[in-house]
Amino acid sequence: MTSTEMGITANEEKVASGKKTPPAMVMLVGLTAGLGVILILLLMVFILPSLKSGAHDLRVGVVGAPAAVSSFERSLATAAPDAYEPQRYDSEAGLRDAIEHREVVGGFVVDEAGVHTLVASAGSASISGSLTGTAQAVGQATGEKVTVEDVVPLPEGDPTGIGIGGLAFPLVFGGIVPVVAFRKIFPRSNGWYLTGLITFSAVGGVIVASMLTFGFGSIDAGLWSTGFWAVAGSIALGVAALAIPLAGLQNAFGVKGFTIGANGHDVPRQSAGRYCRFGRVVAVRAGHRRTDPAAGCGRNPGPLGRLLRRCSRSHREADACHLDRRRSGAVRHGCATCRRVECRSRRDRQLGV
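Yeah, the sequence shown ends on 355 if you go by this note's numbering, and it's all consecutive.
To be clear, the hints were calculated from the coordinates, so they are not data collected in a lab.
Check before you lean on any hint, since a few could be wrong.
Within a straight-line C-alpha distance of at most 25 Å, the following computed SDA-like cross-link-like pairs (lysine to any residue) qualify [as the list claims (entries may be wrong)]:
{"id": "1", "residue 1": "K54", "residue 2": "P88"}
{"id": "2", "residue 1": "K54", "residue 2": "G116"}
{"id": "3", "residue 1": "K54", "residue 2": "F171"}
{"id": "4", "residue 1": "K147", "residue 2": "G116"}
{"id": "5", "residue 1": "K54", "residue 2": "I164"}
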């Protein structure tokens with residue numbers, strides 16, 4: 003082996019070695035601690051919301067005589083501490099109007115006959131259930147009769163509100179999938195890309211609103227009513243609010259970071275240790291020319307480029323290329339992970355090495 007080849011081998015070893023690997027015990031302790039922190043975060047994300055969920059400072063209306071209202075408010079605070087924020091109204095009609103306009107989530111009419119609870123299940127079925135349960139608890143504590151009236155009920159076709167509650171997945175799907183699909187169709191035109199996302203958001207809002215109205219009966223509105231188009235517009239804005247920021251991130255950083263520049267630059271005329279267009283270090287022969295068939299170019303990546311491209315797809319990352327110099331003088335480029343190689347000489351192919 004010549005001195006030049008020995009120098010190349012030393013450079014290849016430096017490139018392959020990179021940074022020093024920490025001791026096994028350090029990696030074990032570090033990884034265990036990191037996974038433990040992730041486990042704690044997962045428990046907090048999935049369990050804490052269930053433990054801490056409930057009514058907090060919900061505005062409710064109360065109608066009745068001042069003395070009766072004061073007594074009811076004390077009983078309400080005892081039955082559900084910090085859950086409700088009572089607001090007094092002069093009449094039951096005013097309270098109903100406030101519920102319909104979402105100024106309050108519900109209300110109580112306190113009179114000699116007992117407590118008449120007004121709820122709006124169309125606004126929130128869970129809040130309506132909470133108000134009903136609280137009113138019954140107050141009635142049991144005070145011995146008063148409790149009645150419940152749904153001022154703004156859900157449609158008969160979907161009395162539990164499942165259709166509205168199940169919109170999360172379609173909104174996520176409608177916000178993520180078009181970002182990838184339209185980028186595939188318009189890879190070089192940001193104008194058409196953005197136009198496609200906006201168009202799909204509008205069409206998707208109409209489709210979802212139509213299914214909720216005519217398919218599931220979750221919305222009690224006609225096609226040309228303001229309620230239908232309000233729902234369609236809200237869904238369209240939701241899809242666009244998710245899709246457009248994701249499109250910006252994709253345009254700025256790319257879908258796959260390891261393929262950045264895959265169709266861009268040639269391997270420079272440098273010694274070992276320079277970066278190639280696949281984003282990782284490639285050990286190249288000293289004096290490597292731009293026209294070398296192993297490196298290739300943007301239009302024709304050559305055997306080395308094709309190999310790394312195949313390996314990057316299979317390993318989901320751009321693998322470092324290694325050189326294997328045989329005694330015959332042939333140089334074999336290969337993937338550092340799977341050790342697949344591409345021979346640069348006909349002699350190697352004939353010998354099957």
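Inset, instruction - Find the hints from earlier in the document that the structure breaks and name them by number, from lowest to highest. - result: 2
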